[in-house]
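**Q** Sequence:
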Amino acid sequence: MSGEGDRPATKLANAGRRKEWTRGIVNPPVWRASTILFDDVAHLRASARNPDAGLYYGRRGTPTQWALAEALTELEPGAAGTVLHSSGAQAVATCLLALLGPGDDLLMVDSAYEPTRAVCGGILKKIGVTTRFYDPQLGADEVAALFTDRTKAVFLESPGSLTFEVQDVPGIAAKAREAGIASLIDNTWATSLFLPAIARGVDIAITACTKYVGGHSDLMLGATTARAGFFEKIRKMSQSLGQIVGPDDASLALRGLRTMELRLRAHEAGALKVARWLEAQPQVGVVLHPALDSCPGHDLWRRDFLGSSGLFSFSLLDTDETGRARFIDGLRHFGIGYSWGGYESLALPIDPAPIRTARPWAGKGAFVRLHIGLEDADDLIEDLAAGFARLEN
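Numbering (this note's numbering), first residue to last: 391 to 783.
Simulated from the structure, these hints should not be mistaken for laboratory data. This structure is a prediction, so every number in the text was calculated from the model and none was measured. Even for Gly, the Cβ is constructed at its ideal location relative to N, Cα and C. Be aware that one or more of the hints could be misleading.
[As the list claims (entries may be wrong)] Pairs of lysine to aspartate or glutamate, EDC-like flavour, derived with a Cα cap of 20 Å:
| no. | residue 1 | residue 2 |
| --- | --- | --- |
| 1 | Lys409 | Asp396 |
| 2 | Lys516 | Asp531 |
| 3 | Lys626 | Glu460 |
| 4 | Lys663 | Asp525 |
| 5 | Lys663 | Glu504 |
| 6 | Lys542 | Asp494 |
| 7 | Lys663 | Glu568 |
| 8 | Lys623 | Asp495 |
| 9 | Lys542 | Asp525 |
| 10 | Lys754 | Asp525 |
| 11 | Lys754 | Glu711 |
| 12 | Lys515 | Glu532 |
| 13 | Lys409 | Glu394 |
| 14 | Lys663 | Asp766 |
| 15 | Lys515 | Asp494 |
| 16 | Lys663 | Asp769 |
| 17 | Lys515 | Glu504 |
| 18 | Lys623 | Glu460 |
| 19 | Lys663 | Asp683 |
| 20 | Lys623 | Asp494 |
| 21 | Lys623 | Asp442 |
[Said to hold, decoys possible] Label-pair ranges, simulated between beta-carbon atoms:
| no. | residue 1 | residue 2 | range |
| --- | --- | --- | --- |
| 22 | Gly725 | Asp539 | 46 to 54 Å |
| 23 | Glu711 | Gly414 | 57 to 65 Å |
| 24 | Ala776 | Asn404 | 42 to 50 Å |
Please model the entire structure based on the sequences and the hints provided.
**A** Written out as structure tokens, the structure is:
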């Protein structure tokens with residue numbers, strides 16, 4: 391286990407490594423189990439009274455899953471615990487189902503991840519929950535003005551994973567708490583290292599560990615870290631839905647955690663170098679990277695965040711869909727695919743306009759989202775420069 395005053399790299403090296411779980415082994419072993427055998431009926435009955443206190447049944451977890459959950463909790467000061475899920479999308483759905491019921495109102499940021507929007511328009515609508523989408527550039531007072539007696543939760547994604555607006559996370563969380571409303575954030579872009587969301591006032595922080603926690607594009611896993619009261623509700627809902635993360639996946643996530651700060655700092659440095667280079671290119675209209683002065687909400691990012699990751703977007707001027715495809719298809723060092731957070735760089739054509747409802751998307755040009763991996767940034771810049779040259783020919 392890490393100590394209270396440990397710095398991030400030290401926390402990552404030690405988090406979740408209880409001696410009773412590791413038995414002297416450096417990494418928590420992979421404990422696979424379904425049935426747990428008890429010494430006698432009395433022992434079985436005693437375990438049933440508090441099934442989360444120790445080994446009870448495989449779906450309640452083994453020390454491998456417990457080690458990961460404890461490690462993620464240690465990285466969020468003020469959190470009571472962490473619930474593991476099979477994906478970030480499952481984490482979002484579980485949290486919203488745990489908090490909302492028929493007749494309730496949800497305020498959802500309009501820049502939210504598209505699968506999050508699908509939960510709102512699908513299962514939440516089916517059970518009678520109303521979702522209202524709000525502009526990600528609204529300030530805390532403006533968001534609070536949208537609260538009604540039926541509003542039970544406000545959801546943030548800061549920055550948005552396509553358009554990268556940064557929200558007033560502490561301000562909105564404080565307004566929600568004053569009104570007795572739960573605040574949730576999708577914190578996948580920053581992770582708890584670059585945005586300690588619970589410490590900033592949020593009640594529930596959701597992370598797609600598929601991305602930077604895993605870090606190698608071979609893991610699907612989500613996590614919800616929450617304050618007391620909320621943690622228990624989410625854990626109960628997760629158990630009611632029969633959710634369990636396999637110990638092998640939990641072990642991969644634990645391995646990824648140990649190097650996460652090193653990787654994030656490398657992603658940060660490479661992405662900033664590429665983003666600043668893109669800003670100077672005549673074929674580029676805008677670069678949406680929260681660490682750049684020109685990005686909406688940059689001052690909030692500078693106030694609240696401890697770093698930036700490798701994901702951002704930019705627009706190609708005077709380029710249609712065919713030209714954008716030609717630009718992306720010819721890149722040598724950028725793969726074409728969904729997700730992000732691995733060691734490899736990715737390029738993805740994006741069009742936020744069709745899914746935005748709170749305010750029409752005003753971005754001009756053909757947008758491309760980049761994830762800057764761990765390659766040499768100069769090689770990536772040369773690759774992008776060749777792409778611009780193709781557009782000119």
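**Q** Looking at the structure, which of the earlier hints fail to hold?
**A** 2, 4, 5, 7 and 12
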